[in-house]
Amino acid sequence: MRIMVVDDEMIVRESFYHWFEKQGYSVDMAASGQEALKKLENAAFDVLFADIKMPGMSGMELLKTVRAGYPDVAVVIITAYGTIDTAVEAMKTGAVDYLLKPFKPDQLTLVMEKVQQQQKLSLHYQLLENQLQKMTGSGDVCFENIIGQSPAMEALFEMIPEIAASDAPVLLSGETGTGKELVAKAIHARSQRSELPFVPINCGAFVETLLESELFGYQKGAFTGAAHTRKGLLEIVSGGTLFLDEIGEISPKMQVDLLRVLEEKKILRVGDSQAVDVDFRLVSATRRDLKTAIARGDFRSDFFYRINVISVSIPPLRDRKADIPLLAQHFLRKYSCETTKQVDGISPAGMALLNQYNWPGNVRELENAIERAVVLARSPILEAADFSFIQPDNYNNSFSRGTLREVEQSHIRQVLSQCNHNITRAAKLLGINRSTLHKKIKRYGLKG
Amino acid sequence: MSPAVALVPMGQVPGMTLKVIAGNIAGCLDLVVDILPGVPLHQTAFHPSRDQYNAAVIIEYLESMENIAHGKILGILGVDLFLPIFTHVFGDARMGGRAGAMSLFRLSRRPNENPLKISASEMLRPENLAMERGAKVALHEIGHLFSLIHCSDPECVMHFSGGIDHLDRLPLYFCKSCLRKLHAAFSASA
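Protein sequences appear in the order of chains A and B.
In terms of the working numbering, the first sequence opens at residue 1 and continues consecutively.
In terms of the working numbering, the second sequence opens at residue 1 and continues consecutively.
Derived by calculation from the structure, the hints in this document are not laboratory data.
Heads up, the beta-carbon is just placed ideally off N, CA and C, and yes, glycines get one too.
Any given hint might turn out to be false.
Each pair of labels, with its calculated beta carbon distance range [said to hold, decoys possible]: (1) A:K38 with B:D153: 35 to 43 Å; (2) B:Q12 with A:D106: 26 to 34 Å; (3) B:F186 with A:K38: 35 to 43 Å; (4) B:P171 with A:H124: 31 to 39 Å; (5) A:N42 with B:S152: 26 to 34 Å; (6) A:H124 with B:P48: 46 to 54 Å; (7) A:L128 with B:K19: 52 to 60 Å; (8) A:L128 with B:P48: 54 to 62 Å; (9) A:H124 with B:M95: 27 to 35 Å; (10) B:D30 with A:K114: 37 to 45 Å; (11) A:K114 with B:G38: 36 to 44 Å; (12) A:G69 with B:L129: 49 to 57 Å; (13) A:K92 with B:G23: 52 to 60 Å.
Next comes chain B alone, as it looks inside the complex (with noise of 0.2 Å):
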């Protein structure tokens, strides 16, 4: 099994942020990433209750395509993704597994803003500001695939963080602990 990284886009996902994430994960952990042909919901995974998107639902989905060689699978989705006991989450992936799941629903709007007043369209509109969040909590779920934990240190994007005000304060890159643990868990995957 190849240790590169798919990324695959479910649903509707803008191109450009598919591509600044690849950009971002490949820059910043000199892997090989690969953007798959999108493919539909999964809509087994729709809680209509809650009208989100179960993200451990979507985790297992994704383990399952066998017909991906890449050793580490993170579905991108641009709708809002829940776990049972949480309203939402940014993302989603098991320590260690090979598959996660992240969303951009809450990525294109201020702190404190309301995503329920978002239009689609704005909410998929392709800015500076939510590509980047969205590449900051690719590289967070990819060190979880790669068994990173939450990081003590504020100044490491695999420090935890729950709303976006805390995601706009975390880097875009990896504190020199989480880095070594990540380039030993590379050396035992390949």
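Isolated chain A (complex conformation) (with noise of 0.2 Å):
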């Protein structure tokens, strides 16, 4: 920590150095506000003990000019002529403490001690807010935490705000695992209702009971265990969006409840005969097609129109795959920093085996993953091999068919491939030793 004292006074400059310097900070002296400035200019301080009195400009002048030009810098205002006037003034222009000379030792331990907290305080703040910029920034490859550079992405981002400023209910569609909650929050946090809560409740979670009470809240005595009464989810969300996830398992009777609650506005708590106004957005999801339930009979086509006025379609991860390598170095930050460990990345091979397979559970598949092979690495840059639990459809296929020779002859020009006909990249994939390759490589005629 590096400090500057400023002081008419040389006594009390030498003072605090000698004390500064005895706790192991870096201390820098100046005899007037105009020369602390100049120092100021030149140097990074942390700390700046400034005394009030001094000719020229004063403590609380400098006080104000450090405010405004150097806002990291903690100063504290130290004076021999303490009024409670002055000091109230010196903390609402921002100074850190004040202390009046001459003060014990041990204030001057707590008051350093305080700037210390303060300082690591703003520092974690400034690498929060940077970690949210990266995470929300208007980057090409990322949108509200949605990460993708694909063309159907793109779309999505650029429909996003749009659906966001309108207040119609959205069905999200897309098999699982491809991020609807994200898409919903997205939307949420683009609205006029950002402020104001998200729920999320997943329908296929619960039973019909038990998702009606969830939703509509139950006053007491509704039913037995109702002790006391409760506000359901319509009624908590109070201004903010809905996400109902899974929405094609809900029972007809409650598609009922929910489409009579979208008209109206109003809910009745179960047990209760007094209506209660509500207001939400919904955002509603699924991974069923609903116009075949409908056509079946399992879903009301009433409520299937009135819950998708804007539809939107979000891609599977084998219909981005543009993706995939942006994704996978996302999850690899995330699960390196999370589990301390040093994966740096994922080798050509790796990053080809990720690229061949097809994500039947899309973007969550694809974390777990990377969760998986971050956790049992052993070298700082994924190889093919730690993702062995991955097996490409298309490998599927090869051993499906054939003898052990085609079969072998097969696989090993397909790792040859992956790793551009690098022997020893290939070689360590296949797990044997480069002369055994060459071996096989002359054999089958597979040279490159």
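Since each chain comes alone in its own frame, lean on the hints to assemble the complex.
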């Protein structure tokens, strides 16, 4: 920590100097406010101890100038002629503390502890702000925590602000693990309701009666065990966004109840006769084809059209393979930070393997795969062997037919292709030594 | 110049306390410690409105004493010491300097006791606790003279203590890290 003591009295400057020196701090001194400002222009300081009464620029003037020009520098005001008014003024102007000379030695220790604590918090805040900026930045690859640079995702990024501007119900459709909840959150974050709650509920996780009491709440005594009146999520959301995931799983009765809520904007708690006004924006999500469900009679068409005013389809990962390297790098950074394991990248062969796979579990499956590989990694670069638990679909095809010789030939050809005919990498991936691989290449005529 | 330490009593200082301090410095640090004949209080250090002595002025005076051949000098006083920014100090020494000063004035009292309510004879009473506190302050200031900064380990005599209760919690020895630095400093100054 670098400290500057600004006081026109040399004995005061020296007293501070010697004390801070004994604390192990780096100390500089200035005899006036002007000299202090000159030193600030040329070097970085963490804390300034400034006397109020100085010829020329006063300590208060210096405090104001430093707060305006160097907001990260903490200023402690010192004076021998303290009044409550000056102390209040100093603190209001942005001083970290106010010391009345002479003070007890441990008071200075306490002030320094306070300064250090504040600077630690400020640093922590800056780190979080940077992290937030990176996550929500307006870059091409990241939008409200959704990562992607494929044309499909770019189209989605363009659509979200437009959807957020309206208040109409949205239906998100997409396979499991495609990030439907992230899209719902992004719509909420960009909407006028962003300061109000975002309340998600997975409809598929509750039986009908439980889902009813979760959504609508209940009156005391409504059923056995209802010891207290409880608000439902439709009330708790109060002005925010309600995210109903797996909407295709709800019962016909619940579809009717929700349809009424959407039309009347009123609810009845279970066991209550008094309607309560509700206000929320509905975003629903499903992995099922609801039109087929309607045709089969499993889903009400009137409810479908009420929740599907705006329809958004989220593409599966296999249809946006251009995003795989970006997502893989993102999850790699995330899990190497979380596990404090030094894993810096994925080898070309490893990345080729990730690109080949069809990812039926979509982004969630990719995230789990990277997490697993990072946890078990033994080197800073993830190799194809680290993803041995993934079985690309075309591998399955090649293994499904042919003689052992044919299968071996096909497998070696694929691995060589993945590794751009780098013998060392291919041999490592195949778990054989280089000379054995050379013999097999010669035997099968696989020269690149 | 000899690496030994000279203890200089200034004004009225109990002889037993001096011996305990000398014994602790010699025992803890394996240094030669001599108790020199007392000198009168240096009156230019006296601040009438504060009724205290300025430790910085005392240190300057001790550094100017040419008749002392010892490498380090510690002035020991029975009066209260201050520094311009502080209400009081138990002791003061420049980092890597030749002279330091310490006061026994506040060491006889119990924590939170007002020193103004203690009589002069009581203040100088060579009680065991006061002597132990004196030895801690002396070791701490000697540490600064050999360039040690305040230690973050509360189990080290170089840890900063602002009050008598803090001082009582400190041990009468250096932590391993500070001791290593001290021995390196002794070798350099030998």
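Requested in this report: Using the beta carbons of A:N42 and B:S152, state whether their distance is inside 26 to 34 Å or not.
Outcome: Distance hint for A:N42, B:S152 holds at roughly 31 Å.
Query raised in the report: Regarding B:P171 and A:H124, is the given constraint of 31 to 39 Å on their beta-carbon distance met?
Result: 34 Å, holds
Query raised in the report: Regarding A:K38 and B:D153, is the given constraint of 35 to 43 Å on their beta-carbon distance met?
Result: 39 Å, holds
Report task. Please test the hint of 27 to 35 Å on the beta carbon pair from A:H124 and B:M95. Result -> 32 Å, holds
Query raised in the report: At the C-beta level, are A:L128 and B:K19 separated by a distance inside 52 to 60 Å?
Result: This hint holds: roughly 59 Å between Cβ atoms.
Requested in this report: Indicate whether the distance between the beta carbons of A:K92 and B:G23 respects the range 52 to 60 Å.
Outcome: Since A:K92 and B:G23 have Cβ atoms about 55 Å apart, the given range 52 to 60 Å holds.
Query - Cβ separation of A:L128 and B:P48, checked against the hinted range 54 to 62 Å - result: 55 Å, holds
Query raised in the report: Is it true that B:Q12 and A:D106 lie within 26 to 34 Å of each other by Cβ?
Result: 28 Å, holds
Query raised in the report: Taking the CB of A:K114 and the CB of B:G38, does the distance hold inside 36 to 44 Å?
Result: 43 Å, holds
Query - Range hint 37 to 45 Å (beta carbons of B:D30 and A:K114) holds or violated - result: 40 Å, holds
Query raised in the report: Regarding A:H124 and B:P48, is the given constraint of 46 to 54 Å on their beta-carbon distance met?
Result: Distance hint for A:H124, B:P48 holds at roughly 49 Å.
Requested in this report: Could you see if the CB distance from B:F186 to A:K38 stays within 35 to 43 Å?
Outcome: 41 Å, holds
Taken one by one, the earlier hints all hold for this structure without exception.
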